[in-house]
Amino acid sequence: MSVESSNTKERIVSSASRLFARSGFDGTSIRDIASEAGVNIAAINYHFKHKQNLYWEIYGLAQKRIEDEMVRISQANKNVEEFVVAVFDSMNSNADMLRNTFKMILTDSIPDPDEKFEALIDNPQKIGPPGGEILFAIIDQEVGDQVAKSLKVWAVRVLFSTMIHWALMHSTGHFRKCSQNNPDLSLENTRELLRLASRSTLSFIKNQSSAKSSKRANAKRRK
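Whatever position you read off the sequence shown (first residue = 1), add 3 for the working numbering.
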């Protein structure tokens with residue numbers, strides 16, 4: 004793909020992402036996207052074939068971007084607590100992309116994906132959200148084999164949900180305005196909350212695992 008063709012594709016993706024987030028899939032036409040991106044309709048058809056492909060291409064790119072960023076962060080942050088805070092900071096730095104992606108997902112007019120994108124969305128090998136396997140590996144390294152996989156997967160979902168919640172809140176103008184007058188809503192306070200959430204979640208799954216082990220040991224002694 005030439006540099007010019009690549010730039011055209013990036014403009015289409017960027018413009019379509021904003022329009023889909025604002026107006027939904029049904030409320031956005033190929034003509035709207037072409038006008039916003041400053042390209043002709045033929046260019047969109049050439050790169051994506053149809054609007055449905057473009058929609059899911061944006062979703063796939065956002066997911067890959069999150070996963071790539073989490074890989075990068077994991078190389079510098081080896082414990083769960085600091086990894087979670089670093090991922091939150093990254094989400095906060097890419098607030099527009101995060102917000103637009105969730106606006107696209109949280110709509111009733113999502114088109115059905117074709118086979119290519121259905122495999123991306125419905126992959127049974129994936130652990131929870133984008134980058135879930137990376138967070139799982141860090142949790143696994145920190146708590147060890149004595150904690151069941153199901154508890155580690157639960158921890159991934161809890162921590163990812165908490166990160167997403169606060170990143171989305173901080174991405175809104177209203178929340179940023181409120182945080183100026185309320186120290187409890189500041190970025191630093193949110194980071195501390197995420198550290199506490201990380202410690203609490205790991206403590207919980209360790210305790211759950213210990214309780215189950217004790218229960219099994221007691222049951223054996225009674226036999």
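It should be emphasised that the hints constitute simulated quantities derived from the structure, not laboratory data. Please note that a few of the clues may not be correct.
Calculated cross-link-like contacts (lysine to aspartate or glutamate; reagent style EDC-like; alpha-carbon spacing at most 16 Å) [what the hints assert, rightly or not]:
#1 K81 - E39
#2 K54 - D115
#3 K67 - E13
#4 K209 - E136
#5 K12 - E39
#6 K81 - E136
#7 K81 - D29
#8 K54 - D35
#9 K54 - D71
#10 K209 - D115
#11 K209 - D143
#12 K54 - E84
#13 K215 - E145
#14 K106 - D29
Derived Cβ-Cβ restraints for the label pairs, each shown as a range [unchecked claim]:
#15 C181 - S17: 47 to 55 Å
#16 D35 - K209: 31 to 39 Å
#17 Y49 - D148: 23 to 31 Å
#18 Y49 - N82: 24 to 32 Å
#19 D187 - D115: 24 to 32 Å
#20 L171 - K209: 27 to 35 Å
#21 A151 - E13: 42 to 50 Å
#22 I33 - Q183: 49 to 57 Å
#23 D71 - I33: 46 to 54 Å
Virtual Cβ for every residue (Gly too), placed ideally from N, Cα, C.
Hints the structure fails to honour = 1, 4, 7, 9, 10, 12, 13, 15, 16, 17, 18, 19, 22 and 23
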